[in-house]
Structures are given as structure tokens and as C-alpha cells.
Amino acid sequence: MNYLILLQLLAPEAILTVTALLVLGVGFSAWGSRQVLVLLSLVGCFAAGASLSFLPTANIYMVGGMLAMGPLAAFFKGILIGLAAVTIVFSRTGGVRTHFAEYLSLLLFATVGMTLLISSEELLMIFVALELTSISLYALAAFRKESRASAEAGLKYFLVGGVSAAFLLFGLSLIYGVAGTTSLHALASIPPALAGDPLMLAGIVLTLGGFAFKVAAVPFHLWAPDVYQGAPTSAAAFIASGSKVAGVFILAKMLALGLAATSGVGCMAGWTAWVPLLAIMAAASVLLGNIAALVQSNVARILAYSAIAHGGYMLIGFTSASIPGFTAVLFYVIIYAITTLGAFGIISLVKTRRGSANLRDFDGLAKTSPLVAICLLVFLISLAGIPPFAGFFGKFYLFAEALKGASAGPAPGIFWLVAAAIALNAVSLYYYLIILKHAFVMPAPAETKHSQAPISGDTLLLVIALAAAVLLLGLFPGVLLEPLRAVISNYLTTFL
Amino acid sequence: MSNDYLLLVVFLAIAVVFPLIPLAMAWTWGFLFSPHKPGNDKGAIYECGIESTGAAQIQFQSHYYLYALVFLIFDVETIFLLPFAAAFTTLPLSAFIAILVFLLLLVEGLVWAWAKGILEWK
Chain V
332 MNYLILLQLL
342 APEAILTVTA
352 LLVLGVGFSA
362 WGSRQVLVLL
372 SLVGCFAAGA
382 SLSFLPTANI
392 YMVGGMLAMG
402 PLAAFFKGIL
412 IGLAAVTIVF
422 SRTGGVRTHF
432 AEYLSLLLFA
442 TVGMTLLISS
452 EELLMIFVAL
462 ELTSISLYAL
472 AAFRKESRAS
482 AEAGLKYFLV
492 GGVSAAFLLF
502 GLSLIYGVAG
512 TTSLHALASI
522 PPALAGDPLM
532 LAGIVLTLGG
542 FAFKVAAVPF
552 HLWAPDVYQG
562 APTSAAAFIA
572 SGSKVAGVFI
582 LAKMLALGLA
592 ATSGVGCMAG
602 WTAWVPLLAI
612 MAAASVLLGN
622 IAALVQSNVA
632 RILAYSAIAH
642 GGYMLIGFTS
652 ASIPGFTAVL
662 FYVIIYAITT
672 LGAFGIISLV
682 KTRRGSANLR
692 DFDGLAKTSP
702 LVAICLLVFL
712 ISLAGIPPFA
722 GFFGKFYLFA
732 EALKGASAGP
742 APGIFWLVAA
752 AIALNAVSLY
762 YYLIILKHAF
772 VMPAPAETKH
782 SQAPISGDTL
792 LLVIALAAAV
802 LLLGLFPGVL
812 LEPLRAVISN
822 YLTTFL
Chain D
-1 MSNDYLLLVV
9 FLAIAVVFPL
19 IPLAMAWTWG
29 FLFSPHKPGN
39 DKGAIYECGI
49 ESTGAAQIQF
59 QSHYYLYALV
69 FLIFDVETIF
79 LLPFAAAFTT
89 LPLSAFIAIL
99 VFLLLLVEGL
109 VWAWAKGILE
119 WK
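As given, the protein sequences belong to chains V and D, one line each in that order. All residue numbers in the first sequence are consecutive under the working numbering, ending with 827. All residue numbers in the second sequence are consecutive under the working numbering, ending with 120.
Next comes chain V alone, as it looks inside the complex:
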């Protein structure tokens, strides 16, 4: 093994790690002000992003899949680093008062975990990268030590995450026990006699349980509302966007690559083994997320339940068990991450003005800061899936591919799943519009001591940029979709 090649392929991760350590060091020094630390982290992110373009364009596969680089991985690493950079800017004013250097370095370490996750095609490496991500995020969620809600968020995130990591590890060990390999590529070509082995099926169920935690799908969703509400806003934004992108990507790789050859038994014979399971989780997530969001009074909680529902939509895309379906899911998760990140930016802005992000804190937002209110409108309408915003095209594409998969495969029941998702998506309009009603219709409250606090310019600028991106991607989805399709087909021609 040549270490120079390894170092070259891992340049983004190495740069991010060095930046994180530098931020820790500078945090002790006299110049370690918040601005300097944020700037340093951003420089690290940009350097890591730039180093992606110097990677070899061929698909490279090292150490039994522990490191699998190529255009597809570079594409998603770039997106994750971008999301991390936006989160870092949000965190400058985002409620973290003490130990700011540690906060930023944890954010960077979580990003390293996610980018490693993107380029791993080996069960052990997937688990290690997943844990690096999760442990950094647990600490981030509990970072506001003075707040009970933050401690509660951290604890719940940690407990559910710990249990699901145990599920995942047990499932992976069963899969390894049956197949005798930890490489996803070797796993893809297991003999047909093992494809429906009961132990294999048990392994798949447990593994999917572990991944469902990352996607916040029912029944591993319980952490989401408390974490979104209690964690520092920028940490919640990163958990909702970056962690979701990485989780969905690795789940897609696991399903499409490693577990594609598995099949169900009995009445499920002829199906790919994980399709029925994902269909049940998707139905439960869409139902629970959309219904439970109706009664929430905190906007972060509404976004959490909406995240559960969106996790369900993505799982529906997976049930198509086809490459176009998986492409649609990956496209959708990118759109979703951009939109959610913007929405959390607005929550952060509202929190600096009003101290909390309950529905009534949004009263009169259109009067006091019209630009923020318009951006909020863009994000929420996009999440609800109304044209011309990106969420509409993403959802349309996702459901169309799921239906195509349903009519082509042996699973006509998926049609009803898609129908239910579309019906429940109509329900979701209610809670998005409630937020907008508070922002646009309700009168502004009397002056409070917070209301004169200056809005941070960089956060506002990024929120506007994200809103513009959501609009542009809705009008010209090809800007993102064509490169995505290109890198995926490039990946497929090399590996499948």
C-alpha cells in the first residue's frame, strides 16, 4: 500500500482534520475570537473542497473497499463540505456561548466522518465512519451546557443512537457471518443459496434499523423532535442536512450495491429482501411525521416531524429498487438538505431576535424583516412540494420513479404507498402554511428587549443565497441533476 496515494485520496479529510486541530489550538491563543475561528474553519472547508478537484478522476478502489474514491464520491463530498461551511457561518451567532473552538472542531470532525462514510464500501469502515459522525453530533447536540433542553437533546440522541449502533453492528456481524466478507462488492455476488438465508434476512432487518436512525425513519425517529428543538440551532441544522445526506447516501450504497442480490422468502419470494421492510418503515414515517407535525407549536419541532415524513418519502424512492429510483432519492436528499439548512438559518435569525422559535415568535415577521419572511416562504413552499421551487421537482421525480419501479417490479402494492404519500403530503401543507400565517398575517407583538437586536448579516446573506438556489434548482433542475446522473453512470460503468 502506497501511503502517498492514500494521502492524496484522503486530502480533503486530512485538510479538515488539520483545520479542526488548528482551530482547537488557535482557540487558546489571544487571537482566538469567534470571527477568526469561523474564518479559519471556512478556509479549511474551502481548501478541502478545492482539493477535491485535484483528485484522480478514475474510480479507485483500495484496501478491500475501505476507501473507494471517484467522481460520485467527490461529488457528494463536495456537497457535504459545502453544507458544513454554511453551518459554520450559522454557528457564529447561533447560541453557543462557551468553548466555541471546540464546537467548530467537533463540526469539522463530524464532516470528516461524513466524507469518510461517502467513500467507504466496506462494512467495518462504514460503521467506524458512522460512529465518528454520530459521536461528534451527540456532543454538538448537548453543547449548550446551561440549557436543559440541550442536555435532553444530547442524551436522547445519544441513547437512541447508541441502541441503533448496536443494532447496526449486530446486523453487520450477521451479514458477515453468512456471506463471509465485509466488502460490499463481494457481498453483491453472494451465491443464490445464501440470498434468502434466514440469518441474512435477520442481518438485513437489524442493519436497516441502524440506518433508519440516521434517516430519522419510524421507529427510530424519537430523537428527532427534541434534538431539532433543543440542540444549538447550527448543530440541529447540520444534523438535519449533512447527517441526512451522508446517511441516505450510504444507505443507498448499501442497498444498491451490497444487498442487491438478497431476496425474500415465502410470500415475499421474488422481491429484493429489503423492499417490504422499507415500504413499511416509509408508510409509518410518512403517516406519523405528517400527522404529528399538525399539533406542534415550535417551528423546529415542526421541521423535525417534517424531516421524519421526508425520510419516509426517500425510503419510498428506495423501494423502487432501481438505479433511476436511487438517483431520484439522492437528488431529493440534496434538495431537501439545502432547503432545511435555509429554514434553520431563519430559525437562527428569529432566535436572536425573539429568544425562541415558537410559532408566536414568527408573528409579524413580514412586517419587521420582509426579506427573511420571503425566504421563509420559499423554503416552506419548497418543502411542501409546490412549484416552481426545487422541492416540487424533487418530489415529482421521486414519486414518478417509485411508480415506474412499482409497475416494472413484482410489487404493485408500492402504488398505494405512493398514493398515500401524496395524500399525506397534502396534509403537510397545513403545518407549513400555519408557520407562514404567523409570519405574514398575524400582527407583530409589542416591542421587546430582543426585537432591536441586529440581525447577523452573513447568516442573512447565506439564507438569501440558499433561497435563490432553491428557486433556481426548481426552475432548472438539470443544473444539479445532469452532473449527478453523469457521476452515477460513471460509477456504474466501472463497478457494475
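A portion of the hints provided could be inaccurate.
The calculated DSSO-like cross-link candidates involving lysine-lysine, where the alpha carbons are at most 30 Å apart (straight line), are [said to hold, decoys possible]:
| hint | chain 1 | residue 1 | chain 2 | residue 2 |
| --- | --- | --- | --- | --- |
| 1 | V | Lys487 | V | Lys476 |
| 2 | D | Lys114 | V | Lys476 |
| 3 | V | Lys682 | V | Lys768 |
| 4 | V | Lys698 | V | Lys682 |
| 5 | D | Lys114 | V | Lys487 |
| 6 | V | Lys682 | V | Lys487 |
If you are wondering where the hints come from, they were derived from the structure by calculation, not from laboratory data.
Chain D: place on chain V using the hints.
Frame of chain V; chain D shown alone:
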């Protein structure tokens, strides 16, 4: 296939019965032959080691925990260093650099903890 699972059932039955037999024998022996003379020592909960005193729910400084954590990191580091040291003469230079990077990362952690004041007893 079904025979394999039958074996599991037999195994389960044996696993239940096996510990019950000595218990039943001891109980029967005691019931038939031993005189009934209860006492404080005899009635005490069986526990190995010294007698427990005081309540279990005491408070102790969370500082111990931080020490233990820092110690643990360097404890685990030894596991990685030992095989490296054992194979040192056959390893190339790049492996030496790799282990140095690993050590530097850990030392940075220690320096951070030191600068943060974790190693000072309060």
C-alpha cells in the same frame, strides 16, 4: 433443516434442567437432614469479598471521570503500539511516519486537555 432446530430445543431443555438439578439436590438434602437454626450470619445475603458498608449512592467528583478518560486513551494507544514495536525491524519507513502521525494526534489531545485545565485537581 428441521433436525437442526430440534437440536436447539433439546439444548434449551438441557440448559434449563442442568442448573435445576443441583439446586433441587441441595434443597432436598437441607430439607431432610439439616437442623433448623437460623441466624444473622446465615440469613445474610451471600456476597463474595468484604462486607459492604454504607449506601451505594454516594457522590464522587466527576473529575475522576476526566482522568480516567485521558488515561484510557493512552491505555488503548498501547494496544496499537505493541504490535508496531514487535514488528518494527521489518516495517518500512512509511509505517514509522504513519505511527508518528497517530502519536502526534494523541499528544495533541493531551496538550488540549492540559491547556483546558483538566489535569489540575480542583
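Right, here's what the structure says about each hint:
| no. | hint | verdict |
| --- | --- | --- |
| 1 | Lys487/V to Lys476/V | holds (15 Å) |
| 2 | Lys114/D to Lys476/V | holds (16 Å) |
| 3 | Lys682/V to Lys768/V | holds (18 Å) |
| 4 | Lys698/V to Lys682/V | holds (17 Å) |
| 5 | Lys114/D to Lys487/V | holds (27 Å) |
| 6 | Lys682/V to Lys487/V | holds (23 Å) |
This entry satisfies every hint, going by the numbered hints stated previously.
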